[in-house]
Amino acid sequence: MSTNTVYQPKTKTGRIADFVDQRTGASGMVKEFGRKIFPDHWSFMFGEVALYTFVILLISGTFLTLFFDPSMAHTTYNGSYNPLKGIGMSVAYHTSLDISFDIRGGLFMRQVHHWSALLFVASVSVHMLRVFFTGAFRKPRELNWVVGSTLLVLAMGAGFTGYSLPDDLLSGNGLRIIDGIIKAIPVVGTYVSAFLFGGEFPGTAIIARLYMLHIMLVPALILLMVAVHLFMVVVHKHTQWAGPGRTEDNVVGFPVGPVYAAKAGGFFFIVFGVVAAISAFFTINPIWNYGPYDPSPVSAGTQPDWYIGWADGALRLMPGQLWDFSFDWIIPFPWGDNLLAMGVLVPAVVLVALLGGMFVWPWIERWVTKDDREHHLLDRPRNAPFRTAVGVAGVIFYCVLWAAASSDLIATHFGVALNDVTYWLRALFFLGPIFGFIIARRIALALQRKDRDIVLHGREAGIIEMSPEGAFTERHEQVDDYKLYKLMTFESHEVLPAQADRAGHVTRSEKLRGSISKFFFEDRVAPVTKAELEEARSHHGHHAVEGKDDKELEQ
Amino acid sequence: MGDHSHGSPQESGTVAKAQDGSLDKIQDPGLPPHRARLTDTDPRAAKRAERQVAILFAISMIGTVLFFVGYFAVGHPESIAEIRLQNMLLGVGTAFAMLGIGVGIVHWARTLMPDHEIAESRHEVRTEEDRQDAEAIINTIVDESGINRRPLIRNTLIGALALAPLPGVFILRDLDLTKESAGQIVDRLRHTMWDKGVRLTRDPSGTPIKASDVQIGSAFHVIPDGLNDTEDPLNEKAKAVVLLMRLDPEDLSVSPEREDWHYNGIVAYSKICTHVGCPVALYEQHTHHLLCPCHQSTFDLTQECKVIFGPAAHALPQLPITVDDEGFLVAQSDFHEPVGPGYWERG
Numbered sequence: 001m002s003t004n005t006v007y008q009p010k011t012k013t014g015r016i017a018d019f020v021d022q023r024t025g026a027s028g029m030v031k032e033f034g035r036k037i038f039p040d041h042w043s044f045m046f047g048e049v050a051l052y053t054f055v056i057l058l059i060s061g062t063f064l065t066l067f068f069d070p071s072m073a074h075t076t077y078n079g080s081y082n083p084l085k086g087i088g089m090s091v092a093y094h095t096s097l098d099i100s101f102d103i104r105g106g107l108f109m110r111q112v113h114h115w116s117a118l119l120f121v122a123s124v125s126v127h128m129l130r131v132f133f134t135g136a137f138r139k140p141r142e143l144n145w146v147v148g149s150t151l152l153v154l155a156m157g158a159g160f161t162g163y164s165l166p167d168d169l170l171s172g173n174g175l176r177i178i179d180g181i182i183k184a185i186p187v188v189g190t191y192v193s194a195f196l197f198g199g200e201f202p203g204t205a206i207i208a209r210l211y212m213l214h215i216m217l218v219p220a221l222i223l224l225m226v227a228v229h230l231f232m233v234v235v236h237k238h239t240q241w242a243g244p245g246r247t248e249d250n251v252v253g254f255p256v257g258p259v260y261a262a263k264a265g266g267f268f269f270i271v272f273g274v275v276a277a278i279s280a281f282f283t284i285n286p287i288w289n290y291g292p293y294d295p296s297p298v299s300a301g302t303q304p305d306w307y308i309g310w311a312d313g314a315l316r317l318m319p320g321q322l323w324d325f326s327f328d329w330i331i332p333f334p335w336g337d338n339l340l341a342m343g344v345l346v347p348a349v350v351l352v353a354l355l356g357g358m359f360v361w362p363w364i365e366r367w368v369t370k371d372d373r374e375h376h377l378l379d380r381p382r383n384a385p386f387r388t389a390v391g392v393a394g395v396i397f398y399c400v401l402w403a404a405a406s407s408d409l410i411a412t413h414f415g416v417a418l419n420d421v422t423y424w425l426r427a428l429f430f431l432g433p434i435f436g437f438i439i440a441r442r443i444a445l446a447l448q449r450k451d452r453d454i455v456l457h458g459r460e461a462g463i464i465e466m467s468p469e470g471a472f473t474e475r476h477e478q479v480d481d482y483k484l485y486k487l488m489t490f491e492s493h494e495v496l497p498a499q500a501d502r503a504g505h506v507t508r509s510e511k512l513r514g515s516i517s518k519f520f521f522e523d524r525v526a527p528v529t530k531a532e533l534e535e536a537r538s539h540h541g542h543h544a545v546e547g548k549d550d551k552e553l554e555q
Numbered sequence: 001m002g003d004h005s006h007g008s009p010q011e012s013g014t015v016a017k018a019q020d021g022s023l024d025k026i027q028d029p030g031l032p033p034h035r036a037r038l039t040d041t042d043p044r045a046a047k048r049a050e051r052q053v054a055i056l057f058a059i060s061m062i063g064t065v066l067f068f069v070g071y072f073a074v075g076h077p078e079s080i081a082e083i084r085l086q087n088m089l090l091g092v093g094t095a096f097a098m099l100g101i102g103v104g105i106v107h108w109a110r111t112l113m114p115d116h117e118i119a120e121s122r123h124e125v126r127t128e129e130d131r132q133d134a135e136a137i138i139n140t141i142v143d144e145s146g147i148n149r150r151p152l153i154r155n156t157l158i159g160a161l162a163l164a165p166l167p168g169v170f171i172l173r174d175l176d177l178t179k180e181s182a183g184q185i186v187d188r189l190r191h192t193m194w195d196k197g198v199r200l201t202r203d204p205s206g207t208p209i210k211a212s213d214v215q216i217g218s219a220f221h222v223i224p225d226g227l228n229d230t231e232d233p234l235n236e237k238a239k240a241v242v243l244l245m246r247l248d249p250e251d252l253s254v255s256p257e258r259e260d261w262h263y264n265g266i267v268a269y270s271k272i273c274t275h276v277g278c279p280v281a282l283y284e285q286h287t288h289h290l291l292c293p294c295h296q297s298t299f300d301l302t303q304e305c306k307v308i309f310g311p312a313a314h315a316l317p318q319l320p321i322t323v324d325d326e327g328f329l330v331a332q333s334d335f336h337e338p339v340g341p342g343y344w345e346r347g
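Protein sequences, first through last, are from chains A and B. Take 1 as the starting number for the first sequence in full-length UniProt numbering and just add one per residue. Take 1 as the starting number for the second sequence in full-length UniProt numbering and just add one per residue.
By construction, these hints were calculated from the structure, which means they are not laboratory data. Positions of the beta carbon are idealized from the N, C-alpha and C atoms, including for glycine. It cannot be assumed that every hint is accurate.
Just a few of them, taken from the derived set where beta-carbon distance is under 7 Å, the chain A residues facing chain B [as the list claims (entries may be wrong)]: (1) T76; (2) I181; (3) F195; (4) G198; (5) P244; (6) A276; (7) L322; (8) D328; (9) I331; (10) P334.
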């Protein structure tokens with residue numbers, strides 16, 4: 001290896017960089033990433049929030065592991081919190097209390113950990129909504145969407161395993177629910193439960209097992225997925241909003257160094273600061289109020305953490321009996337009767353269906369639209385009314401389940417009957433997504449028309465003019481070319497009827513695809529064309545144009 | 001506006017579109033011109049922004065100091081109020097320490113670093129040449145391995161690979177620390193500590209309950225006598241815990257085979273919800289309803305705890321009780337059916 005003697009760095013920074021480079025060959029990296037362009041938009045920040053809260057989780061979690069002991073051995077409390085003195089509890093709960101009361105900054109770290117966990121799942125979710133509603137999951141990013149969906153599931157897993165660790169009354173009851181769900185699994189449920197809990201519920205093994213998952217396996221998988229996720233972001237480069245100067249072939253934005261590094265790097269500290277401020281003022285999970293786990297008591301108004309709410313809500317909404325029909329299905333077999341607990345299994349299927357639908361959506365959309373091109377420009381949600389409507393329906397579906405997890409609190413806070421809340425939510429479970437789909441699509445189409453109107457006739461200037469005849473009209477102002485271009489350039493899918501294959505057959509799945517395509521794309525607003533724009537501009541005022549267009553459509 | 005609805009049999013009518021042959025796109029006007037910021041044109045504004053950034057960084061330093069004030073000055077807190085104060089100081093200190101740096105850097109980037117956008121062209125994810133090379137390499141690999149030519153090897157390999165992970169699953173069998181057989185695991189779920197003559201005692205003290213102590217309308221949380229002395233009290237309790245109430249016998253509708261399961265209107269039912277196992281902890285005296293606060297399954301005490309609302313699918317199991325010679329309530333036997341949520345072997 002010959003060292004490079006030709007190049008002599010002139011500045012001090014240059015000498016350090018040269019020193020490092022001669023030993024690591026990092027100049028290639030700098031060349032590749034130093035001025036890499038990142039597009040800028042406020043909605044791109046949710047993914048950053050997710051990444052940064054995960055870093056905060058690792059930092060605060062490491063602190064907590066230094067003081068937490070996941071043992072379920074029995075002990076008697078002798079810490080400084082008087083109301084629990086002399087009470088029997090597990091070592092896990094004892095050390096959780098010690099972290100809260102006897103270790104300086106321990107309570108703060110617990111708060112930071114729990115709050116950033118909630119924020120982590122929230123930001124992953126909102127990030128996914130952003131990606132969904134803008135169509136950023138389309139080719140070539142489908143696999144990254146799957147990685148992101150996996151991250152959401154892992155985030156929920158990390159949250160739930162952590163929720164259970166303090167071994168307080170609330171977390172114990174959460175585990176009992178999990179035990180009940182596992183037992184409902186046909187054939188193997190009983191054994192899986194026995195293996196998980198090391199025998200009977202609650203046993204003396206579960207906390208240590210969840211601890212292993214919570215601090216090792218799940219975070220490692222999340223880290224791996226984050227690495228894959230970011231690697232693919234680099235491979236694909238970032239998506240960007242359509243607009244003047246932005247095409248499918250370029251990326252417009254700020255270079256990593258110094259602007260983007262400063263903005264994104266600084267944003268980490270902002271996220272940390274906000275989490276610290278929330279932790280300073282708002283107590284979360286005050287485990288000392290709940291007491292140690294005991295299978296007998298439970299407090300009214302028990303709530304899971306928000307991200308598990310939808311699963312708990314599904315359990316609540318499902319009726320166990322309809323009139324005299326029980327959802328405990330007893331199946332007679334030659335060796336005796338077996339039981340299918342459909343009341344628990346059906347909600348589980350609903351959850352799996354929603355998650356599964358999320359994972360496969362990019363392929364569903366690709367199948368319906370037959371669109372196999374690469375997409376790097378984002379759709380404004382209004383310009384993809386079908387997708388926006390599907391997304392809104394999904395969000396409503398999720399939110400109904402989520403609200404159902406608080407049906408008891410809804411009843412007490414609004415002074416309504418508990419059973420009525422459940423009946424209403426059951427109705428909303430079926431009707432909400434349908435209404436949401438219809439309304440969202442109508443709104444999206446209406447917004448598209450508004451855009452079309454602005455392009456053709458200008459924006460409302462807010463200036464009312466009176467003509468010599470005494471008529472009042474509002475003046476419309478032409479928007480500038482850049483705004484115009486932004487409003488006009490989008491793709492509007494058209495209905496693609498069922499196609500015959502080479503043998504001339506129209507397969508059943510192709511018929512289905514055709515009818516879905518009709519359902520999705522029948523109502524659409526086409527982008528304004530150059531001819532239309534020129535025609536609109538050649539007329540004065542917008543009444544003349546309206547009359548013309550009406551005639552066209554009647555033909 | 002030309003996009004009102006004009007439906008016809010051929011068209012839903014809500015399509016607003018251009019005339020045929022005019023689908024030409026509008027010219028991209030290119031990146032909008034860069035607008036100079038105040039800090040770009042006015043040196044005093046730039047200087048002011050510089051000072052603002054420095055002040056924000058200084059706020060961060062003050063925040064870190066505040067953290068140490070909370071850590072040392074409050075010391076080891078003795079009371080809840082002190083813990084709260086310390087938590088607040090640590091939190092506010094950290095918040096300022098972090099926000100000072102974060103807001104400072106972002107403000108620096110927004111006001112003083114270049115803010116004109118740059119365009120960069122995308123490169124293809126992979127070049128056509130690479131793709132063809134890779135395909136050729138993979139074909140060579142598959143070819144040289146001969147896996148397509150030797151189906152016997154391929155099929156037995158698939159079989160072996162399908163079976164090989166199974167031990168990895170089955171080895172988890174020993175996670176059940178009780179070392180019981182499959183039958184015993186199921187059996188365990190069917191039985192609780194209750195047995196003929198076991199006294200009903202208060203939860204958690206374990207003191208026995210006299211029938212004469214139970215007034216009409218009162219409710220007791222009950223565990224079997226001796227539960228606290230067992231090896232794993234929580235495991236036993238998770239199955240055996242019972243709710244005891246006394247109703248006017250007139251209010252009870254009792255099926256013929258359960259006629260002697262209550263004592264003077266005193267009835268005992270499993271407290272474990274048959275939905276997913278949460279404790280059914282709420283008793284409404286007026287309606288004689290039992291409610292699980294977790295998922296709102298509601299059971300009617302007067303009708304042998306059958307489900308009247310919510311996700312539970314079967315009634316709460318009843319514990320047959322009577323009194324012993326000394327007037328204490330005792331169980332007549334174990335529950336006659338498994339308690340808690342449904343499972344495959346429950347039948």
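Hint by hint, here is what the structure shows:
no.	hint	in the structure
1	T76	14 Å, violated
2	I181	6 Å, holds
3	F195	4 Å, holds
4	G198	4 Å, holds
5	P244	5 Å, holds
6	A276	4 Å, holds
7	L322	10 Å, violated
8	D328	4 Å, holds
9	I331	9 Å, violated
10	P334	13 Å, violated
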